[in-house]
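So in my numbering, spot 197 of the sequence shown is number 197, and the numbers just go up one at a time.
If you're looking for bench data, these hints aren't it; they were derived computationally from the structure. A hint or two may mislead.
Unchecked claim - Derived pair list, reagent style DSSO-like, types lysine-lysine, alpha-carbon separation capped at 27 Å:
{"no.": "1", "residue 1": "K223", "residue 2": "K70"}
{"no.": "2", "residue 1": "K121", "residue 2": "K150"}
{"no.": "3", "residue 1": "K371", "residue 2": "K260"}
{"no.": "4", "residue 1": "K202", "residue 2": "K64"}
{"no.": "5", "residue 1": "K70", "residue 2": "K260"}
{"no.": "6", "residue 1": "K121", "residue 2": "K223"}
{"no.": "7", "residue 1": "K202", "residue 2": "K260"}
{"no.": "8", "residue 1": "K368", "residue 2": "K260"}
{"no.": "9", "residue 1": "K316", "residue 2": "K368"}
{"no.": "10", "residue 1": "K70", "residue 2": "K202"}
{"no.": "11", "residue 1": "K202", "residue 2": "K150"}
{"no.": "12", "residue 1": "K223", "residue 2": "K150"}
{"no.": "13", "residue 1": "K260", "residue 2": "K121"}
{"no.": "14", "residue 1": "K121", "residue 2": "K70"}
{"no.": "15", "residue 1": "K70", "residue 2": "K150"}
{"no.": "16", "residue 1": "K371", "residue 2": "K223"}
Keep in mind it's a predicted model, so treat the numbers as computed, not measured.
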Amino acid sequence: MEQEIENLRAENAASRELLKALADKIDKLQRRLDGEPATVVHESPPLTPPPTQPMTWETREGAKVPFLLKFNINTQLRYLNTLDSAATFTDHLGVTRDVHDRNDITVNRAMFILGGYIFDKRAQYSFTVWTSAGAASIVVAGNIGWRFNKAFTLTAGYTGVPGSRSLVATFPFFQATDRSMADNFFRPGFTQGAWASGELVKGLNYLAFLGNGLNTLSITANKIDTNLLRSGSLWWEPLGAYGEPGKSRNMYDDYFASRKVRIRLGTAYTQSRENRFSDLDQSSPENTSIYNSDGVQAFATGAFAPGVTLQDATYKLWAVDGGIKWNGLSVNGQYFVRWLSDFVADGPLPLASTFDHGGELSAGYFVKPKKLMPYVRGSWVRGQFGNPYEYGAGLKWYFLPTERLWLNTEVFRINKAPYSGAFTPYTAGMTGWVPMVQALLAF
Numbered sequence: 001m002e003q004e005i006e007n008l009r010a011e012n013a014a015s016r017e018l019l020k021a022l023a024d025k026i027d028k029l030q031r032r033l034d035g036e037p038a039t040v041v042h043e044s045p046p047l048t049p050p051p052t053q054p055m056t057w058e059t060r061e062g063a064k065v066p067f068l069l070k071f072n073i074n075t076q077l078r079y080l081n082t083l084d085s086a087a088t089f090t091d092h093l094g095v096t097r098d099v100h101d102r103n104d105i106t107v108n109r110a111m112f113i114l115g116g117y118i119f120d121k122r123a124q125y126s127f128t129v130w131t132s133a134g135a136a137s138i139v140v141a142g143n144i145g146w147r148f149n150k151a152f153t154l155t156a157g158y159t160g161v162p163g164s165r166s167l168v169a170t171f172p173f174f175q176a177t178d179r180s181m182a183d184n185f186f187r188p189g190f191t192q193g194a195w196a197s198g199e200l201v202k203g204l205n206y207l208a209f210l211g212n213g214l215n216t217l218s219i220t221a222n223k224i225d226t227n228l229l230r231s232g233s234l235w236w237e238p239l240g241a242y243g244e245p246g247k248s249r250n251m252y253d254d255y256f257a258s259r260k261v262r263i264r265l266g267t268a269y270t271q272s273r274e275n276r277f278s279d280l281d282q283s284s285p286e287n288t289s290i291y292n293s294d295g296v297q298a299f300a301t302g303a304f305a306p307g308v309t310l311q312d313a314t315y316k317l318w319a320v321d322g323g324i325k326w327n328g329l330s331v332n333g334q335y336f337v338r339w340l341s342d343f344v345a346d347g348p349l350p351l352a353s354t355f356d357h358g359g360e361l362s363a364g365y366f367v368k369p370k371k372l373m374p375y376v377r378g379s380w381v382r383g384q385f386g387n388p389y390e391y392g393a394g395l396k397w398y399f400l401p402t403e404r405l406w407l408n409t410e411v412f413r414i415n416k417a418p419y420s421g422a423f424t425p426y427t428a429g430m431t432g433w434v435p436m437v438q439a440l441l442a443f
């Protein structure tokens, strides 16, 4: 739909230019016949609204080599302070572990995305450079796809595993600027693979994915095991599109103050046989995508029993999400259920599997349309080894007339964080109040 709208706008602009040129020629000819000098025709302002994609290069319709290039940038700057937390925490085995305190200003994310089509409108491509100064990480990724029709596009390359709503074309337009504690704890990450996507019937969308693992951003191919991950997401928008066309199509907030109620209902399932990707004599694994609910990495030595290291496990995640927005108000939530099973370890374990579940809920309202949106949010985990939770409130300020640039301030309270991530505000075991100030540009 977005591409069709862009094509219509391009055709409309071309038609206006042609009509203007014809009117110019007719006027000049008429003036010459009448013996009068030709008048200058002043171009009237365009009647169409500004494009939803500000940086686009596209060949004219019927060009010998069809080509479209869209240039996108996401930049997130953040001040984070976790000094209110205690210096240590105790895991479910009674082991005391350090909490890493933070008080820093970082370029938390910077992404450069080039995408479009080449040679044929069905031949789609994208090229992404993803960086995080806070995590000292750089990833260069590319995708190639073929759009058979509206219901079926086949793509291969690098992408987020679609096990959570936040990993399906939503970043950075969450209710809060960052993913919640529960989302980060349960969700998969990013890997290479192949996927099918499309709109089966009006309002019903899907993404089916086959990939290398839960998170292989920093894992070389010779360390990845032979087990492939399977994941799929299905979501329904029964009352029309959940957002306006463009980059912010899947925005959680109701920035555009919908005149009619908009609803989203979705579900996702992911299953993967995971390996620690490190030799057993190394206590810290390279596979850091799975945490226990007490904040200890599942593949770390001593996570389940003193001196015992888990080498392989099966990860299963089911998620259900929903959202509603109307007239500047938006409410969004998601619930997760996770199973870890089929353990292989270098020693005896006290259990054969673990079960964790939890959720997230957020709500925001534009007290000043397209300018100020206060929000509240919370998330929780009910786990095998702990019951962490968080709650907080924040304010988004859109100081220019666009949803692509904003300032965000937030304060949240967390109890026994079960997850660590350098480009998230969470450190395993932290308990206390956390203030953040962020600026985000997405165009």
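Tested hints:
| no. | hint | result |
| --- | --- | --- |
| 1 | K223 <-> K70 | 35 Å, violated |
| 2 | K121 <-> K150 | 13 Å, holds |
| 3 | K371 <-> K260 | 20 Å, holds |
| 4 | K202 <-> K64 | 33 Å, violated |
| 5 | K70 <-> K260 | 31 Å, violated |
| 6 | K121 <-> K223 | 37 Å, violated |
| 7 | K202 <-> K260 | 17 Å, holds |
| 8 | K368 <-> K260 | 19 Å, holds |
| 9 | K316 <-> K368 | 42 Å, violated |
| 10 | K70 <-> K202 | 26 Å, holds |
| 11 | K202 <-> K150 | 10 Å, holds |
| 12 | K223 <-> K150 | 37 Å, violated |
| 13 | K260 <-> K121 | 34 Å, violated |
| 14 | K121 <-> K70 | 14 Å, holds |
| 15 | K70 <-> K150 | 20 Å, holds |
| 16 | K371 <-> K223 | 48 Å, violated |
Hint compliance for this structure: hints 1, 4, 5, 6, 9, 12, 13, 16 are broken, all remaining hints hold.
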